[in-house]
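Participant: Mind assembling these two chains? They're in different frames, but the hints should get you there.
Sequences listed follow chains A and B, in order.
Take the first sequence: its letter number 206 is residue 206 in our numbering, and every next letter is one higher.
So the mapping is simple: our numbering equals the position in the second sequence, first residue as 1, plus 269.
Some clues are possibly wrong.
Ranges of calculated distance between the beta carbons of each label pair, as one might list FRET restraints [claimed, not checked]:
| id | chain 1 | residue 1 | chain 2 | residue 2 | range |
| --- | --- | --- | --- | --- | --- |
| 1 | A | Leu59 | B | Glu628 | 37 to 45 Å |
| 2 | A | Ser2 | B | Lys625 | 35 to 43 Å |
| 3 | A | Tyr217 | B | Val457 | 24 to 32 Å |
| 4 | B | Gly703 | A | Thr46 | 20 to 28 Å |
| 5 | A | Asn44 | B | Gly490 | 55 to 63 Å |
| 6 | A | Asp49 | B | Gly407 | 54 to 62 Å |
| 7 | A | Leu236 | B | Asp510 | 48 to 56 Å |
| 8 | B | Asn550 | A | Cys220 | 32 to 40 Å |
| 9 | A | Asp49 | B | Glu425 | 49 to 57 Å |
| 10 | A | Gln30 | B | Leu701 | 33 to 41 Å |
Quick list of in silico lysine-lysine cross-link-like pairs, BS3-like style, CA-CA up to 25 Å [claimed, not checked]:
| id | chain 1 | residue 1 | chain 2 | residue 2 |
| --- | --- | --- | --- | --- |
| 11 | B | Lys641 | B | Lys305 |
| 12 | A | Lys199 | B | Lys492 |
| 13 | B | Lys473 | B | Lys489 |
| 14 | B | Lys489 | A | Lys138 |
| 15 | B | Lys305 | B | Lys333 |
| 16 | B | Lys625 | B | Lys307 |
| 17 | B | Lys489 | A | Lys199 |
| 18 | A | Lys57 | A | Lys138 |
| 19 | B | Lys448 | B | Lys410 |
Just so you know, the hints here were simulated from the structure itself, not pulled from any lab data.
All C-beta atoms in this analysis are idealised placements derived from N, C-alpha and C, irrespective of residue type, glycine included.
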Amino acid sequence: MSVTLTLHTQPEVPLEAECLSPDRLATLDQAGIAALPVLHGNRNMTVGDFFSVDGGKDLTVRIIGDLGRVKHVATGMSGGHLIIDGNIGSHLGLGMSGGEITVTGHAGDWVGPEMGGGRIVVRGDAGHMVGSAYRGSKVGMRGGEIIVHGRIGNEAGNGMRRGMIAVAADSGDFTGVNMIAGSIFVLGRLGARSGAGMKRGTIVSLHDAEVLPTYSYAACYHPVFLRHYLLRLRQLGLPVEEAHLGGRYRRWSGDSVELNRGEILLFAG
Amino acid sequence: MGDNIKIIENATCTFCGCVCDDMHLTVDLDEKKITKAKNACVLGRAWFAQHGIPDYPQATIGGKEASVEDAVEEAAQILAEAKFPIIYGLSDTTCEAQRHAVAIADLIHGCIDTTTSVCHGPSGIAFQGVGESTATLGEVKNRADFIMYWGGNPAESHPRHFTRYAVTTKGLYTPNGKKDRTVVLVDVRKTPSAPVADIFLSVKPGRDFELAWALRALVKGRKLDPSIEQVTGVSLATLEDLVDRMKNCRYGVLFFGMGLTMTRGRHFNSGAVLALTTDLNEFTHFVAKPVRGHGNVTGADNVLSWQTGYPFGVNFSRGFPRFNPGEFTTVDTLARGDADAALIIASDPASNFPRKAIEHLGAIPVIALDTKQTQTTNLARVAFITATYGINTAGTVYRMDDVPITLRKAFDSPYPTDEEILTAIRRRVQALCGGPAVPLRKVS
Ligand code: SF4
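Excised from the complex, chain B in its bound form (with noise of 0.2 Å):
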């Protein structure tokens, strides 16, 4: 290790959605390298001990080392071109940089989603069609006496969850941490999650809203038949006695994720659990929260409903933003071979996407900003690396639940940042479009 070794506090990982802001980072400024990540989990730890300064060219053309002037400029011209071009990523960069994703969505009249579409975008739908009962992590902590964890396994992706925000964590009413709680857990298997509950539901794969649909009907008091056992794999007497709990509460939360977005049903899944949660209100202060992935993929829903009045799947073809998940969703306008050209911004979906998707990415022009080689930028026509946000940018992230927290910069990297190439790439589009001229900010 040098001598020139820098200490940050109050650091924050961008790693999960629990976007932990306790960070004590031990940097080696002459190595480029965060030695040391106090408080981190094990992923946090991984996380920060992975970024140094890599040896890519900053940009590329057609796989072709390039100066960013020259790709910013072939970037803008395919996109000022393209009759339906479409944004996607996003969720692993700051706010900052995805104000000017929206922006240039706007100017080209294209398409613009963010990772949510294949995560918790169900949930997003069913926000809007059932309401949400919100609140942040904070008010958990020092409130809830009941928490519960639907389809999600936190030990393994959010492992400070627990920790920091809502089983362990000893807040104002709940001096006692995980005494004063009771953690309930459903899933389809027992997950390494599963030791912290003290109630294990196992629901039948796929079964997700049978069960939600029949708590709902207890809650309400309406008669079930004992023959749920057989549909959900749980139990009239334990679903009963679940209820009562969560009628009997204090402050309710229930915490859900993937396992109950991703599975049949989808946003009636998300949907169930909300109106779940709206019908528990009539007896106790009942929350619900999805549990999100990306570090800043709350932050990219955020911008973009405020923005666009809505959180993802979004298209302004007609000059307005329209919302139509399934229409205009990044899969969906891939797999249909809608697009004609695609700007993707931190996101891989040429490594994770259905196979007809990639083909036709593969077929268009994409331009790829990401910190690293990927499949995707590796496909794109003009290629961007950029600088990691949280570690070598600060800027603005949300955490999952909707709480923006400031970025600290750990050390400089040579490349850009995502807002400088948006920005660029903006102001080139703005030229080429004749959009409105909207003051930039400066970026330092």
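Okay, chain A solo, but in the shape it has when bound (with noise of 0.2 Å):
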């Protein structure tokens, strides 16, 4: 029996609830769940002071209510899936390595941050920091996948070693900053500043923007590999259309500071 858990007591202040994980919640039956302990502001609570829990034992489950407030949940996810009926709070599906969450509201900031594996689909808008490193950590975001279906913040991407970030509406400044590998699709209008100290990695735009002046620009060409890319997402239901699939890119490498092997491919017709 799939477990519910509905918000009956709205926090006055943040509430740091990483138990809220499917494999965690998966060995406990009802009572298991509501004693889990979660942190309001500086005070030590538990899961059934702020929600209501209706089943056990499985690895689907649901939240609902507006999680605005509620951070860190299911931090170190491995599995299971995780559907969130509103929005939720920061650091959601930290370090989390498989899986998947899915967010039918807005998300805040610093969605899957370090994360390992899994997927994230967030239907509404996502903050800044999507699937960035830490303050003070070189690598962020080292696998799995990120869907935003609205906007993203800025940073998205920050330190990126693997894995995949695709947003249908536009991106922040910065976006794809310190990346060392990985991939990053924005649909909609990139952000001031994309891919500023990049080492590798590719980052895709279905519109021109302006480059760093860092940036060379090597050709306008048909990529291969990115209608694949392209044909993925237009099934994960994000807004690709006939033009884009065999379009021509234009071809920026950067960032000339780093090492230069750095991809922008800015979407030509």
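Facilitator: Written out as structure tokens, the structure is:
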């Protein structure tokens, strides 16, 4: 029987609930889940103080309510399916390694920071630092997929090493900053200074964009691999049009202050 | 002027981050006024002249006069009860007081943040991400032959920076002062600092990052397109000449200000000039320093760093320090409505924060310490008027180059010091929260 948690009391201050991860809930019954510890500001509370719990011992978990103040959900998640019916606060899926998270509303900052695997799908917008490295850490997302159907904020994929971030709408400034490798697809407009300090990796946008002076123009061509990626993104429900699949892309290589092995591909029609 | 005159040599001005410690103060002890401040700049003179003994109640609760003891009790109760208390300010008080503020944050498992988060916080993030090649201002004075100011106007904000530390001053290896130095100024418009510069680069607003990135590319020997002029407003030839001078100087210094850290790009702007400095060390000795505003904002960074490991935006909810600007910085915790109590020390966020943050500040219990009545003390549930650091209290402050400097007291104030109030709050909070019994330094 799947697990459903419904928010009955809105937290007054940020609530840190890293225990809300399907693989951890799967071993517990209703009472066990309700007794799990959460941190309400600086006070120790339990899941039951904020959520009514229905069901137990299942890898599919649905959480219903506006969880905009609830942070660190699904920290280190390794499997199962978590559906968040509403908004979610920051640090969703921190360091997750497997499974899938679906958010029907908007997500806060730090979606999937330093994640290693699995998939996060956000139907609304996501905040800053999607798939990023934490401050003081060099490596961000190491694998997995983050799909955002709305917009994302600044510094998505900061220090990203592997994996994919795909965004249906626009991205903020410094998308793919300090990227080590991996792929970022922005179907809308790319924010300013994207790819600054990038070593390797691919940033794609379906619109033209201003690139940094340390990038050099290479060619306008049709990259074969892109068609496969874009078809997959279309399958995942992102608005990829026919023209994008077979179109030509301007390739900029950089960042020359770093390795210069990265690329920004901008749709040219 | 009365007869009861005291002269204080080598006093310290705490008005700006230069923290000049060569003040020669004439104090009228009867009038409780500083009548003359030799060596001070125009800002310093105004700072010393404005301080007398104000006529405010020492403490208020809900706007009504109260005893300091009652106010301390009320403050401690508020902080101990709060689930997400925040502490903010701290840049205009002594390190001794700042220390107690950190201890309180630790005891109440709250957030602690300083005005750094709204000035050079981005530099704090950049230091962590990029690293810092640094020097004291004494070294700059004696050795530097290439000085660059980026996004700052020291002639108006730090008037003695040129004469005492970096431009006209004569040092061991710069015996001819300005003649031995090349001075470069980068800004979006000609400020009163511009006349001092040998080279002035007028960068297009919001294009500092591109400019720094272009300089990095040139330092690394990469090719740049001449279209860089359309992007940054500075021609490729000028940039090439500048890079040539930077690489060939004996000792270069890059001072950067809020024009860089608070414009689009923020910590990446700071990070770009720090990385540029690192790159230049392949060729010569180069250092970078932020030009800090408030008298002891550098001390706040130092105290927080040595006690928590991080310079600002620190949270203790879990009992150990966590650092995350944007999450634990005060503007954000207020604007998002996270904080449920605030302790504000020597700062006036109610007058200079974004509207949403001020609204939330008005909706939660606030405890404020300041030397005068401000918008923050006016909206505070508990307010303390305290003695002014460097004028009525001794103590330690850090100059912008992280050098600690001792303050000398000019005259006594009937008001308690920040340190005394914070010590009292700390003791009471400790009793209420049951924190570890840390031996407290006796305050005179
Ligand atoms: S430069 Fe700053 S510290 Fe020095 S006297 Fe002027 S205001 Fe005071």
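Participant: Honestly, which of those hints from before does the structure not fit?
Facilitator: Numbers 15, 16 and 18, in rising order.
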